[in-house]
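Visitor: Model the placement of chain E on the given structure of chain Y, informed by the hints.
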Amino acid sequence: MMTTTVPLSSLAKTIRSKNAGVDHITFDVIFPDRASYEHVRRSGALSREAVCRILGINAERLTDHVEFDPAFAIKFTIARTAPSGSLGDGDLFGSQHYAPLLGVEVSGPESDNGRN
Amino acid sequence: MHPATRANTGLRILCPNGHLGFAPSRQGSFDNGLLASPDIIACDSGSCDIGPVPLGMDGTASPLAWQRHDVEMMLLGARPKGLPVIIGSAGDTGTNSRVDRFVELVKDIAREHKLPRFNLGYFYSEVSIDDVRARMAAGKTIEGLSGRPDLTLSELDATDRIVAVAGVHPYIELMNRGADVIIGGRSSDCAIFAAPAIRQGYPEALAYYFGKVMECASFCAEPYGGKESILGEITMEDVRVTAMLPEQRCTVASVAGHAMYERANPYYEHFLGGHIDMRDCVYEQVDERTTRVTGPRYVAAEQLKVKLEGSGKVGERYVGLVGIRDPYTISRVDDVIGWARNMVRDRFGTEGYDLSYNVYGRDGVMGALEPLRNRPGHELCVVVQAVAPTREKAEEVCMMGTRQMFYARLPDVKGTAGGVAFLLDEVMPATPAYRWTLNHTMPVDDPLEPFRLHIIEAGV
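Protein chains in written order, with this note's numbering: chain Y, 52 to 167; chain E, 34 to 493.
Looking at chain E on its own, in the form it has when it is part of the complex:
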């Protein structure tokens, strides 16, 4: 039975992608989803998984063309039917410039396709370093998450950019002000879907669970296949999710399994304003492609704390690539690296730069956690990264750290014409290196406090 033929008793949201723009959404299952009479089309566009570089340099991890593709697909699917569109954590990081970029995309697409006039709401979620500094000066503690210490002034000074992670509140407020399309700054993934459900009076526990299960789109379905649409429906009693790709199903196993995804613990999901407790969730298969969930509990926070994500620049970065094939050299790769490190130390001393080596074929991926470190492959690739305050120094350190591997003096090596192989006789400029400086929470009096809301008109 096509889901469109079910009685439409609840609020239905169609979600095309777990990270808008990161890889293009697939049109076929989205079109199937449009036939299933959704009430809203919503999608998350951000993640911490992309590392600290995009946030730190206020950049992006995805091509503009892919972001445009997904935004266009959603708008053209929704607006002719008058359906609202909600996009959270715009442009991978949700910084102000990414929100602006998505607002421009929406305006351009609406103009180009002559979409009838609609209200475009958006909000910013960057928090200034000075704002956080003032709060710390006023005695507020910026509490560390995941075992991190509380924020210190020196760590704040090392930070370039901070975003606050919104809950449902700015979304609900913008909808109350008449927004038909919303572009959100950094947000909890689940808030994007929970907001319209809570606004329409559905129980908070189910609404947040709804968001939790919807936010990665087809990752909650099987067999594995990303970037496909799913349709979720919330009622006063339950949440139902249905795969929109004919080959996929939302099963008890795939939906329950998804509760665990990317979370340290499968039973709790935290957001601004509280958390849900999923220990007593019950999962039931209701038709071949739909699973029903009941039983999550909502626990309101005693004190409002907004999560802050911050990134700080470490330095400019160059990358070198080295290949090794001689089995004797492979067995002594640490000596080769040690030789090159010594050459760098002789020239630059021990301070003022960072030099790292990833030995692919031995432990390049897992580092110290690699159990087979003592069984390297028959050829190795060593990736050399150098970070320094200036590009010139980073390039020189990287060149020294790479090229000197060629000259490493091993006692019994037979091949004395060159100790390693080069893919390129150069080192390559990379993005500057950044690190996650903040994974913290900040107390707030009002859940809208860190966010600045705007509404404009778009379309013709």
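If we strip away everything but chain Y, and leave its shape as in the complex, we get:
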């Protein structure tokens, strides 16, 4: 069977990043319904390992990784290498760090056939 992929931005309702205090940036990927949330969760496209790979960071910098059922959300947090607002920090609020997540390829729903 052919496996197709779709970008994360076409599945998620919200993909955002923001400071969590002065030493961390946190990422929220929120899905519109349980089906899309479960699909991405199971696909591993946003697993701990995948997130570290996408952001090019060591596992130690990923301080939290939570699959948050009530909001159909996958949330993770990274440590900054320097506190927000340090000289040269280009994102004081941490609010544009989500961009690389938009195009993350997720296996299409078709590839789920037969998994139930």
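Worth flagging that the hints you see were computed from the coordinates, not collected in a lab.
Heads up, a few of these hints could be off.
[Unchecked claim] Computed spacing ranges between beta-carbons, pair by pair: (1) Y:A150 x E:H487: 45 to 51 Å; (2) Y:A150 x E:S161: 24 to 30 Å; (3) E:D164 x Y:G107: 39 to 45 Å; (4) E:E176 x Y:A133: 19 to 25 Å; (5) Y:A133 x E:R380: 24 to 30 Å; (6) Y:A133 x E:S161: 25 to 31 Å; (7) Y:S60 x E:R330: 33 to 39 Å; (8) E:G448 x Y:A101: 42 to 48 Å; (9) Y:D84 x E:H308: 27 to 33 Å; (10) Y:A101 x E:R380: 45 to 51 Å; (11) E:D368 x Y:A133: 24 to 30 Å; (12) Y:A133 x E:T42: 36 to 42 Å.
No residue lacks a Cβ here, since even glycine has one placed at the ideal position from N, Cα and C.
Guide: This is chain E only, laid out in the frame that chain Y set:
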């Protein structure tokens, strides 16, 4: 059904803005909120997101006119009905001077609009460097948060200003002393809303959750739209939040999603005195624009620790702007920067200044985390920042670091009349550079200990 027609069984708080003054609150949804019979109007006015500069230089991130607009809107909405007003983390940072500024605003507005006399309570939350030094000398550990090491004397020496983050305690104490309007120093966002609820006997778990969900106003509603009012109600059993802008709704998804906002972990919220555990929260839609939440748990702290935020000056700062359009130069932008850095080094040596380059169009926003660093745009903007002990030196370092990009010698460049483009033939003075020196906790015996409380009269 308009929320005003519901039975008023709980305590209702109207919140107009997630950060008072940072952008003006919107009047329409606030007026809708006033029609929904709130018991209190409350708002947070501070944030760490604005970076270390306002705290360090005891300044502000918002225009006075916007702060006045929001304070005036709240006072004029509340006082004619006799409703209490609570504002926390006054003026972006909650330093003493910002509390004073908000107290003056309240007094001025009350006088100008001839508001009937009321009690104005306020508290300070700055902690002196000497106080912290004395505690360290007495053997107290000032513990680092977020993986930071414990506070050292040298890091304390590098600090200009510290605020302690209050819990519910000064708010409750000021209400007990008869305050009708409260201006708070730096505070946990949730404490501003939890305090009146706890004082009226509502369960702590729900009260703190109430604060947690209310503090960013319409950020817990959808569709996205900031600076709009929301109304929250706490009862002995639950917390309900309702969007006050007709176009917005508080949905299970938007309210649950908000639990995650700006927090490393969506399940816990920490404050002076304990934390709430939100792992078993249940969210239900009760009407089109209202979501109900049950199930948070309160966990009291074994030892009282107050969070400290501190900022220290790094130096004076100038900023230069450089544009690059030649594709060959763009492909060698690091060599161009390297050339300019070398020129600065030749003149000033390697110590006694900081020089940084943000290359917009390549990795200006994300720096080392940028995955597309090797695919720069067809034109780049390089922002040069220089920091040094004096303004004169910062200006000269910045000018050298900016202008020498013009003279960078690249082996095969065709355009030899000028290597880069300038928006301005000058460098610009900026605020001094500061850095976050403290993100720590300090043990205290009494949760009121770091805070100084006052009550005066305002109005006519």
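Visitor: Failing hints, ascending?
Guide: Result: hints 2 and 12 break, sorted rising.
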